Amino acid sequence: MLSLLLAASEESPNPLNVDLAPAITALIVFGLVCLVFFTKVWPKIGQGLDDRQAKIRQEIEAAEQAQAEARASMERQQEELAKARAEAHEMISKAKADAEASARDLRERAQHELTELRENASHEIRAAKESAITELHAESAALATAIASRILQREINAQDQQALIDESLKELETARGG
Amino acid sequence: MHLIAFSDNPLGHVVDKAIIGGKNPVFVDTASAVPYLTMHMASLIIAGLVFIIMMLSVAGRIGTGGEGEGNERYLTKGRFAQMIEVIILYMRDKAIHPVLGDHNTKRYLPFLMALFFFILTCNIIGLIPVMDVQYLGRGIMGSEMEWAFFGGTATSNLAVTAALAIICFFVIQIHAFRELGIKGWLGHLTGGAPLYLLPIMLPVEFMGMLIKPSALAVRLFANMVAGHTLMAMLALFGKMAFDGLGVGGLVGISAISIVSAVAIGFLELFVAFLQAFIFMFLTAVFISQMSHHHEDHHEEYEEGLTEYSEVPAT
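Chains A and B are the protein sequences, given in the same order.
Residue numbering for the first sequence follows the working numbering, beginning at 1 and increasing consecutively.
Residue numbering for the second sequence follows the working numbering, beginning at 1 and increasing consecutively.
Calculated from the structure, these hints are not laboratory results.
Predicted, not measured: the structure shown is a model, and the values here were computed from it.
A couple of the hints might just be wrong.
[Claimed, not checked] Derived Cβ-Cβ restraints for the label pairs, each shown as a range:
hint, chain 1, residue 1, chain 2, residue 2, range
1, B, Gly181, A, Ile60, 37 to 47 Å
2, B, Tyr90, A, Ile60, 17 to 27 Å
3, B, Ser260, A, Asn14, 21 to 31 Å
4, B, Leu267, A, Asp50, 36 to 46 Å
5, B, Ala222, A, Leu35, 28 to 38 Å
6, B, Gly192, A, Asp50, 35 to 45 Å
7, B, Tyr90, A, His89, 58 to 68 Å
8, B, Ile211, A, Leu35, 23 to 33 Å
9, A, Leu35, B, Tyr90, 17 to 27 Å
10, B, Tyr90, A, Ser73, 38 to 48 Å
A virtual CB, placed ideally from N, CA and C, is assigned to each residue, including glycine.
Whenever a hint applies, use it, and build me the whole structure from the sequences.
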């Protein structure tokens, strides 16, 4: 049984068998690989990584600086904008006050003119009224005189008196209408 | 799969086979042939060539060009180069720097990246069924001659992973001598234990010193062997079903085994990256264990107060 097992194990491939030749080949190949890698490959890769890193850092710093400048510029602009806004507000307030003052002035002046016109008109009306009354008095006096003269010219009865009065009134109306 | 023609044992898929020379060479039937060459050796050489060509191309694309290119020189050209750059940056900033600190990251990053990408290249080349295609060609042509010139996963060879671990061992120890000095290195072996414990501490620490890289070698080897054996096993189900159940069995079982093999193939792709990372990362950890301990700095880093990029190049 043991001999069978041994024979089987001798025939079957055994991955644990260590041969010196592949080991030496591995040493030589890896040695050459390292030689090429250290002299030709890594200097370029290392330099590339360092350059890229330096460039990225430089770009980040530049971007940060630009951002800081932009922020400062924006703050300045905002300050100026706020100042301009305050000035504009002040100007608007002043303009509004001026406009209000000017409107008030105009209103007062118009009011004053209106009052003057009204006073003039009432004065004129009063004058016209007085003139009319004076005129009426004069007309009445003249009419009374005319009536009296007619009364004196003939004897009149009650009917005549009434007709006379009506006629006089008519004449008066005609005179006023003319 | 070539296994059908080559072996009923799934391990036949992963073990190394001599192409020229050695015992039972598949290509030249001359045991004394010189030079001696195995499939894993050929895969290693191909992986090395692929690595060098690929990395030279990537370096040209990642590297910054001349001033005349303007801002374009800062751009990494090509998706592949960008992917490699992202991997390198991720490894550096998230894996290596937190472990090694600023100074040692600058010093060991090239070695660790070479290690990672070389193992990754070997692992991924091992996933390409080159050997299987060659055997398929042989089957189609009806040739009696062995057609497989190279193939297999070099990192599924314990000798290969051991060689890589030996390199790491020397890097770790040289770093320890440089960083700690002979006295410090000896002091590290004692682990700060009292004198009467030295007879226990010294052998334990010394064994630990050797076991750490051995564990690296075994872990990578075992993962690669296990994955490929599993895939080979799934592929063999079809043949076994055909032998046992005929054509009906071949169709039914093959459908399941092919789907499973594809799924495991994706898992293997992940494992290829993971194991390369683990090998590299644990090497970095072992290097850091042999460094002066800068507790303050480590705490500072953990709190996210310092960044790798803030450290001036040395």
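- Message: Hints numbered earlier in the text: which of these fail when held up against the supplied structure?
- Response: none
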